[in-house]
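So the protein sequences, as listed, match chains A and B.
Following this note's numbering, the numbering of the first sequence begins with 1 at its first residue and continues without gaps.
Following this note's numbering, the numbering of the second sequence begins with 160 at its first residue and continues without gaps.
Possibly wrong hints are sitting among the right ones.
Simulated pairs of lysine-lysine, DSS-like, Cα-Cα distance not exceeding 25 Å [as the list claims (entries may be wrong)]: (1) K46/A with K496/B; (2) K775/B with K140/A; (3) K567/B with K140/A; (4) K758/B with K140/A; (5) K203/B with K140/A; (6) K425/B with K4/A; (7) K425/B with K60/A; (8) K28/A with K425/B.
None of these hints come from the bench; they were simulated from the model.
For reference, the chains in residue letters:
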Amino acid sequence: MEAKIAEIVSKYQSNPGFLVPILQDVQKAFNYLPREALQEVGTQLKVPISRIFEVATFYKAFSLTPRGRHQMHLCVGTACHVRGAAMIGDGIERVLEIKAGETTADLEFTFETVNCLGACALGPVLVVDEEYHGQMTLAKANKILNKLGKKVVSDEEED
Amino acid sequence: MKKKIESPAELTRLQSELKGRIDPAQPCIAICAGTGCMAYGTQKIVDRFREEIQARGLEGQVAFRTTGCHGFCEKGPMVVIHPDRIFYQRIGIDDVPEIIEKTVLGQEVIERLLYKDPVTKQRIVHEHEVPFYGRQMRLVFGSNGLIEPTSIEDYLAIGGYSALAKAIGGMAPQAVIDAVITAKLRGRGGGGFPTGWKWDATRKAEGDPKYVICNADEGDPGAYMDRSLLEGNPHSVLEGMIIGAYAIGSSHGYIYVRNEYPLAVKNITLAIEQARDLGLVGENILGSGFSFDILINRGGGAFVCGESSALFASIEGRAGEPRAKYVHATDKGLYDKPTCLNNVETWANVPLIIDKGADWYAGIGTENSKGTKIFSLVGKINNTGLVEVPMGITLREIVYDIGGGIPKGRKFKAVQTGGPSGGCIPEAHLDSPVDFDELTKLGSMMGSGGMIVMDDRNCMVDVAKYFLAFLEGESCGKCTPCREGILQMRKILERICQGEGRMEDLDTLQWMGQAIADGSLCALGGSAPNPVLTTIRYFRDEYEAHIKDKKCPAGVCKALITFSVDPEACTGCRACARVCPTEAATGKKKEVHTIDAAKCIKCGACFEACKFDAIKIA
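Isolated chain B, as found in the complex:
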């Protein structure tokens, strides 16, 4: 076992020693090995790099790091070659020898692997010059590309755990809380509650032990920043938690993480062990007399367990049902003891505040939303990935400048924020600044940071129905308005999508939505109607098209569309006939094909197979 660090000064010495071991001029290949890139087959490329480095006897001369998620998931597999930060995207196994030969050893840039700007058509050499990265402010997420998540030495070498040394070495617990209050940090999990106030209330509450918990039950479909932080920089989350525990006076911590995130579970488990070995977690941390230990609890795949009291129930080994909130978790939370629950990203912001100062932090962002926020920019967008931006940036900048706009030149329709609790924001509001309060004003919310872009081929009634179906399945069933109300609203939407809607349905949906929100104990029911209410507010014409004209303008709702062949475009290639499961699409070779509407089940196979855009959906 390694020797424990016994004082903040000793920690600082270790940091500078580790930093000194790194030669900044030495070439280093950093490959993204986040879940997204691994799904592209990055493991084989990693193996190939290792073989190649070994075969050429370059160990010791060329560093190779498998890092966490870099964020630009659209362009994986990707490597960044330091110290110049040359950025290669969509690389393959066969590119590996050439990268080492030409770029690492020969200082030569390989043109074809560079990112090509879709607007200027120019190849871009350096990572920071790529517009996707250039417009971001990567304070929390930026270290992901620099360190191996499984190496505490890497984290220490970039100054990790300095904030912990500073807090324990020279700040009283109340001073730490005051710094977080002054920084105006707000909860990144969705609620946006001021973090410092929560800490203060937990510190002042009566009861022993006190718990701090990290909420990593990232259930929002379309959001994965918490996973990428836990995978890519687990020590930053851990450091935040230890500082929080010190400030609050807590001796026990939990990390509640989705079991669907195996790499995150693995990396955070390892991080805790490493921190324990060095005496950063456990008894008498840094010789201060303060003791704190952390356990990991894996979730069971229930969305509602992201809600505080349901999460506590789950950690206690029970079904995850929320309870009424007139008693705050800060007074009676887990096992009825004072509990401070914060989200992964919130914890990861804490070391920054302590390290660089509350005033520095409060200088970033808007009046009441400080710092940065990580969004997962997904859906119909050119540059899919994780983006970290200062609060107050506009939606337009995110979608167009960072995201690169909508693929295939299609028309932007809406951006959905806040997951199933949020809403769809139309083009008219694209210039709104993004912060907690502005998004709420638009009828949506910040949520955990999912940002799903939709184009003119997405039906807003279908999207509303999608979220209700999701919530219907995830409602724990405790409150009747949520359990039964969401079901009924979904049935009404189902009917509208079938072409059997009535105009009064829109009023029914609105008052039912209000009743569900009012009659539910937790935020799942409380915000469930949002996707329906915002789509009615901003896209009423689409609902009316379904109800009055029996048409789905986006061509999504099966009952309201028909498939046909455009005789002008059809070349008679038989691609559609070959894939049609019901023999509805037929035709002789080199003759115009037809689709028999009576046989067609509208599965979309012919549309997908046609290379000539000849299948029309109307």
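Chain A with its partners taken away, still in its complex shape:
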């Protein structure tokens, strides 16, 4: 971990002004911001740990807890909202039994809402593991979840 962080920090010439991008790279490397990593960043940048935590908790992009294997980001920008994103968010929360911003206990899924991805023509947009899915519907979201191994309970009886 020490070496990885040294590598990231040196990319920014150990300039504490780049704390936010440094933490982004650290998060990318470790999937979240482990406490030890933050302490290491503080030591290497000579910035107090309190400042690091202030920044790590202020910005939305950072997570201090481990995130799931599959990342689902639902765009809730205005254009997606007026096309019914809230209804889809409710549906995903119901199926995964977590709230937006949380991770399932088995660490399989993290579900988050994002403000605007700028793909408004495709709204509502759901990004699953960095792949965009446009014109989202409840049915399509369920299909995606099914494919990723989350069985969606529904009335499948044949009559």
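Given the coordinates of chain A, work out where chain B should sit on it, guided by the hints.
Chain B alone, transformed into the frame defined by chain A:
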């Protein structure tokens, strides 16, 4: 490393050389590869084109460009075939060989890929004849479709960096500032502050170094023109910044860009490297003795960081909290040094002004709003996309002539401008001209250019609540009126949406809104009440329907609606019963179904699944 360009004259020579290398008669396929089109799966089409061109041995005869966003996001994936500018929309991988065979080699137009005018039902062959493009004035955004954003040669070949050569080669710094003042350019990020004045104040301020910053923290939900400019034409933004730095006397620049825009980060990073290699950024630019370098700083996903002093805090590596503004950023900004902060689109306007002249620029637009503005036209609109229009055009022209009206023939209700700081404008004001001052008069604002169209299925109370919930999450928490006030206003709206509102709530919302605006340091709190105040002003009847009649006329607020089956329309297909998560929708095959209100959680799944319009929301 490439040889650095050492004088403006040498730059001009390079431009004409690069221009001369392009044969204007040669067929060129330009495919839109902006984020929107990439989300449609354009990468696979790009790969297919490359394979096909290679397989047929057409390299050198047919040019192929992956360009930035063309703007007409609704119709992606799309290609324009030059020199005739034949426009194909919604193309698929399998169309690729046919496009090359018939159109590129055989000069034949493929009818089914053409845009069909929804009104006249006619197929339109050329890009510029499509009404969506025809009514626009694409001065800033137009080059996006012509160049590869990753190629500085492409930018130079269309005359890029001429303005820089002109400024450095023959204009004193003050003359550049005077040109921007005469052009009456105003900030495109939302505030609309005169850009030239800002530059002048920074130039005259004491302190060293001076900073110029590009604000690319485009946080407005529903606005993406800055991203598309950075992705599609990064050198135009860079050129504007270098000219600005020259005029102001700045040696250090920053671009503060959202990390959620990976392609924009990639393209602007590359653009800076290319410009540095050619000596357009760095030491002794064009042999003039003027030096300027730029760093990129990626944001952390905080909306408030679009605000100037919060942005500075973020670049300094701190939490993005704004500070009081009695000291201007032009005197003490980043690291307490004189700082000029302008938005992406503002910077991209600068080369135009220098190149074509301040008087030409000032001839476009209205009395106090000059030039063009790029809007992202989104929501309930047929032609979703980015549109660049001259200031002074009416909202009606944008929504109906360019946007093609409301989908499915539904009724227009409102257009929301200015993002969370703006307001909702009703049909009665559709003929108002769009400029900074007119939109403010209507209780909204220009903002960064989001334009979200809403129809009769959108509840205005819900929209107001949506923006407050957004701002509640984005308030940095420093000023109590903003932090606590927005929360309380949102709770009141929540109650109204639950059917537990009281008529006096409307007065409370109005005075609270005023108090929040007065008691907040930055524009986030200062404009936060706008969405609530404008919806009360223009759509009071909808609030009253929620409060007095306990009804949501648009059928959105869950507590006030019920789902039922229209027995006339129901065919008994079981689609609703299959998707219902709570077994509320039931019924035998080929018999009319029912929804048990006690079990129904109003998730909307049955409404979405029904193909016969039999699910009624009331």
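Going through the hints against the structure:
1. K46/A with K496/B: holds, 23 Å
2. K775/B with K140/A: Holds, at roughly 22 Å.
3. K567/B with K140/A: Roughly 22 Å between the alpha carbons, so the hint for K567/B and K140/A holds.
4. K758/B with K140/A: holds, 23 Å
5. K203/B with K140/A: Holds. K203/B to K140/A sits at ~22 Å (cutoff 25 Å).
6. K425/B with K4/A: holds, 22 Å
7. K425/B with K60/A: holds, 22 Å
8. K28/A with K425/B: Holds, because 16 Å separates the two Cα atoms, which is no more than 25 Å.
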